[in-house]
Amino acid sequence: MRLSVDGRPVEARAGDTVAAALLAAGVLDCRDSAVGGVPRAPYCLMGVCFDCLVRIDGVDNCQGCLVPVREGMRVERQRGARTVG
Amino acid sequence: MRGHDIAVLGGGLVGSAIAWGLTRLGARVALLDEGDVAFRASRGNFGLVWVQSKGQGMAAYAGWTKRSSDSWAELQDHLRAETGIDAGFARPGGFSLCLSEAELDARIAWMRRLHNQPDMVPYPYEVLDRPALARMLPAIGPEVAGGIFCPIDGHANPLRLLRALHGALKARGADYLPEHAVEGIVRTVAGFEIDTTKGKLGAQQVVLTAGLGNARLAPMVGLTAPVRPQRGQIVVTERAARFLDHPMVTIRQTDEGSVMIGDSQEEAGFDTQVGAPILATMAERAVRMFPRLGQLGVVRTWAALRVMTPDGFPIYQQSISHPGAFLATCHSGVTLAAAHALHLAPHILGGHLPTSFAPFGPARFGVPAAA
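If you read the protein sequences in the order shown, they are chains Z and Y.
Be aware that the first sequence starts at 1, since it is given in our numbering, and climbs by one per residue.
Be aware that the second sequence starts at 1, since it is given in our numbering, and climbs by one per residue.
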C-alpha cells in the first residue's frame, strides 16, 4: 500500500498499523510533544502511551498504533497540542 | 528508631501539608503512609482551589477556605524555592455555569443565602447573564443561561503539589515512612507509641490525617471522625491548545492542556469503579457548556473517594483525654493545603487549637468530643 508521510510517499503492508509503517519506513519520530515541544516516537504500540500521535487525513492526535494503514492515507507530523474551535 | 517530635499519620495532601508546616517550624516529623492499597484521595482529585460555593451552613468554613486561597501563592512560592517544583497554581477567577434559567435562579438564591450568613467573610462575586458571560467566555454553548463568577477562585496541579510537599519534607530531613499502616496508638509517659505494620515508633505528639482511615484511628486517642467515602468520577480528554483560561466548578483545562470534567457525587461505599451512566452525563453537560469539547477524545476516566463528614465540612480536633493528639480531615485537600501548612500546623506544634477552631469540632454532630 502507498501512503504519504508529510507529503513523502511511503510503502506499507496491508494490515500494518500506521505506527508500524512509520517505524518500518525509518521515520524515527512522528510528533512534537504537547507540553515541551520535543520529538516523540511510537513506543508502547498497544494504545497506552499516546506517544505515536499523528495527524491522519486531516484529523489531529490520532494514535498511530491503533489505526490500520489504508491506500492513499495522508499522515502528517503532529505538531504540539491540537486545537479545537 | 529514635523518637520524633510529631508523628503525622497519613501521607496524602492533608498530612503532607501539615507535616511540611511542622517541619518548617523546626519540628522533627515522621510522616507515616500506607502503600498503593490505600484509597489515596490525593491521587484522584480534581485540582480546584475553590472558594465561591463553600460554607453554606458554616461561615467559619467559608472564612477558612478564603484564607487558604489567599495564602496559596505563598505556599507555592515556598515549595518552588525548596524543590524547584511548580504546583501549577493560578487564580484567574472561576465560574459556575447554569444550563437553564431555573438553574441560574437556584444558584443566585444559594449565593445570597451563603453571603447573608452571620459572620460570613466578605468576598466579591458577580451574577452574569448570558451576554455578560459570553464576553468573558466566548466558547460557551447556546444553552448556557448565565453563571456566577468569583475572581478569587483558581486551580492547581494536585499531583505536583503532593510531589512538591514530599520533596520539601525530604529536603528538610523529615522521615517519610511508606508501608507503615498504623495498628495501634498508645499513650506513654513521653507521648505516644505508634504500632505499625513495620514496627513501633515513638513521638511526643500525633496528628491523624489518614482520610477515611481516621474513622478507625480516632477512637484510639479519644477523638471522633465520622467520615464516609463519597465517590467522584473524572473524565480527562486529550491535550489541546489552551482555549479555557478560567476553571469552572465542573470543567477545567490543566496547565498542560488536558480538559478535566468532574464533580460527580455518589454514595457507593468503598467501590472505586467508574460507570458509563455518570460519565456520560458529566460529558454531556460539559459539551452543552462548551460545544467544542465534543471534538476531543477522552483518554482516561477514574473514580476516587472523597472523605466526607456528615455535613461536608472539615473536622479539626484536639484530644482532651489524650493531650498532644490532633485530627484533621476534609474533602478539600488541594484548596485547604495552604491553610493546613501555614495556619493550622503552628497551632498543632504549639499544642493547642485556638477557639476559632471550635466550629470545626465534632460536637456539632451531637456526639461526645472525646470518648
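FYI, nobody ran anything at the bench for these hints, they're computed from the structure.
Among the hints, a few may not be true.
[To be verified] Derived, one-sided and incomplete: chain Z residues facing chain Y with beta-carbon distance under 8 angstroms: (1) Thr17; (2) Ala34; (3) Val35; (4) Phe50.
[Unchecked claim] Pair by pair, the computed Cβ-Cβ distance ranges are: (5) Y:Trp110 x Z:Gly58: 11 to 21 angstroms; (6) Y:Trp302 x Z:Met1: 34 to 44 angstroms; (7) Z:Gly85 x Y:Val37: 18 to 28 angstroms; (8) Z:Pro68 x Y:Leu99: 54 to 64 angstroms; (9) Y:Gly275 x Z:Val59: 21 to 31 angstroms; (10) Y:Gly275 x Z:Gly85: 25 to 35 angstroms; (11) Z:Gly85 x Y:Trp110: 47 to 57 angstroms; (12) Z:Gly7 x Y:Arg172: 18 to 28 angstroms; (13) Z:Ala24 x Y:His343: 51 to 61 angstroms; (14) Y:Val37 x Z:Asp29: 49 to 59 angstroms.
[What the hints assert, rightly or not] Residues of chain Z placed beyond 12 angstroms of chain Y at every Cβ, according to the derived structure: (15) Val5; (16) Arg13; (17) Asp16; (18) Val59.
Don't be surprised by glycine CBs; every beta carbon is placed ideally from N, CA and C.
Checked hints:
| no. | hint | verdict |
| --- | --- | --- |
| 1 | Thr17 | violated, 17 angstroms |
| 2 | Ala34 | holds, 4 angstroms |
| 3 | Val35 | holds, 5 angstroms |
| 4 | Phe50 | holds, 7 angstroms |
| 5 | Y:Trp110 x Z:Gly58: 11 to 21 angstroms | violated, 45 angstroms |
| 6 | Y:Trp302 x Z:Met1: 34 to 44 angstroms | holds, 38 angstroms |
| 7 | Z:Gly85 x Y:Val37: 18 to 28 angstroms | violated, 43 angstroms |
| 8 | Z:Pro68 x Y:Leu99: 54 to 64 angstroms | violated, 40 angstroms |
| 9 | Y:Gly275 x Z:Val59: 21 to 31 angstroms | holds, 29 angstroms |
| 10 | Y:Gly275 x Z:Gly85: 25 to 35 angstroms | holds, 31 angstroms |
| 11 | Z:Gly85 x Y:Trp110: 47 to 57 angstroms | violated, 33 angstroms |
| 12 | Z:Gly7 x Y:Arg172: 18 to 28 angstroms | violated, 55 angstroms |
| 13 | Z:Ala24 x Y:His343: 51 to 61 angstroms | holds, 60 angstroms |
| 14 | Y:Val37 x Z:Asp29: 49 to 59 angstroms | violated, 38 angstroms |
| 15 | Val5 | holds, 22 angstroms |
| 16 | Arg13 | holds, 27 angstroms |
| 17 | Asp16 | holds, 22 angstroms |
| 18 | Val59 | violated, 10 angstroms |
The structure does not agree with the numbered hints 1, 5, 7, 8, 11, 12, 14, 18 stated previously, though it agrees with the rest.
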